[in-house]
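Undergrad: Keeping the supplied structure of chain A fixed, place chain B upon it in accordance with the hints.
Chain by chain, the residues run as shown.
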Amino acid sequence: MASVTQNAMKLFRGSSSGSPAEPQIPQKPTRRSSGLSELARVWASETPLCVLDLGSTSPTNITFFTERGHKIYSEDLLSASTEPGLVTKDEQGTVVLDSHKFLAENLLYPAAHFDVILCWNLADYLDESLVRPVMGRLWSVLKPGGMLLAFFHTKDAGPDSPCCRFHIVDKDTLEMQRIVMRREGRQGAAGATHSAVVDGFRLQRVFNNRHIESLFRDFASIKFFLARDNVREVLVVR
Amino acid sequence: MSAPLTADLAQIGKSVVIKGELSGSEDLYVDGQVEGSITLKSYSLTVGPNGEVKASVEAKGIIVQGKLEGNVQATDCVELRKSAVVTGDITTQRISIEEGAYLKGKIDIAGKAEQAAGN
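Line by line, the protein sequences are chains A and B.
Be aware that the first sequence starts at 1, since it is given in the numbering used here, and climbs by one per residue.
Be aware that the second sequence starts at 1001, since it is given in the numbering used here, and climbs by one per residue.
In isolation and in its complexed conformation, chain A is listed as follows (with noise of 0.2 Å):
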């Protein structure tokens, strides 16, 4: 009887005092993706593929692609941007990011070099003085007839969005991982070692479907695909 009555307790208001509930392993969450279900039919070709991911080290994409006969570069562009190495002041005397410099660092690859390029939300995070000096080398490093992938938030989502790292799980599915703030001591290209914040990042702005448009015009074609947890997901293709 009193083994009911603690199971009940238990029920009601979690764990019987004494015993401290074991924590819980947060799972991650996922979503499906219309813009990675459409690139995934360019990996299932045979044809051995180059392929940029720009979010933090993921070995589940890293995995995913070599798994599959595909070269991956990975570079984490969020962090790199947190370099303090690169505040610089405009002519204004407004603090900027110095986009010369992080392109001299960053980015280094062949021209048309790529056949797929995963963004994720770097766009939504990045600094605005290096969005478009970036989707610029990114235009540059693609192939012609390569793809690009990007979410962008839409107007819905409130400032403190969190910003997520996505992991491919299968050719629709991404698994989120919330990005969680710590600093970490890195070497910079000129060998000076940098105290670089490389997780935790605030949502910059909202792009509106022009402003994408606008961010994409040197592209051939662009498609938006609109889901419902306020994340919309471009495809483009150079």
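Hint data in this document are derived by calculation from the structure and do not stem from the laboratory.
By construction, the Cβ of each residue, glycine as well, lies at the ideal position given by its N, Cα and C atoms.
Check before you lean on any hint, since a few could be wrong.
Claimed, not checked - Only some residues are given here: those of chain A computed to face chain B with a beta carbon under 10 Å:
hint: 1; residue: T57
hint: 2; residue: I62
hint: 3; residue: T66
hint: 4; residue: E67
hint: 5; residue: I72
hint: 6; residue: Y73
hint: 7; residue: S74
hint: 8; residue: D76
hint: 9; residue: S79
hint: 10; residue: A80
hint: 11; residue: G85
hint: 12; residue: N106
hint: 13; residue: C163
hint: 14; residue: R210
hint: 15; residue: F219
hint: 16; residue: S221
TA: Just chain B now, with coordinates in the frame of chain A:
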């Protein structure tokens, strides 16, 4: 994590700085600074948590716990532990990457393209 104490493991301690070409016929554990190139054809390289390697690396197996800047060629396996910070291209037969490892560069699994085409 300190290097295992074995007779066949050469070690470079964290206070040691080497510039030049390193080659050998035994496993190597680097917890200091190495700049240049490291060639261990049939043996393994471990970059310890304090290790800072700025070199091209050629070995059978490579385990990275510290910093490595340079291109990496392994005939067997590359392991990036969670504290690894790697900048450079990796060519290997197999790769294992722990959550938290940082990589800026290419991963090319040798032979995977042909294997995938045959499936």
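Undergrad: Next step is simple, just say for each hint if it's right about the structure.
TA: Hint-by-hint comparison with the structure:
no., hint, verdict
1, T57, "holds, 5 Å"
2, I62, "holds, 6 Å"
3, T66, "holds, 4 Å"
4, E67, "holds, 7 Å"
5, I72, "holds, 5 Å"
6, Y73, "holds, 5 Å"
7, S74, "holds, 5 Å"
8, D76, "holds, 7 Å"
9, S79, "holds, 8 Å"
10, A80, "holds, 8 Å"
11, G85, "violated, 16 Å"
12, N106, "holds, 8 Å"
13, C163, "violated, 17 Å"
14, R210, "violated, 34 Å"
15, F219, "violated, 24 Å"
16, S221, "violated, 28 Å"
Comparing the model with each numbered hint stated earlier shows that hints 11, 13, 14, 15, 16 do not hold.
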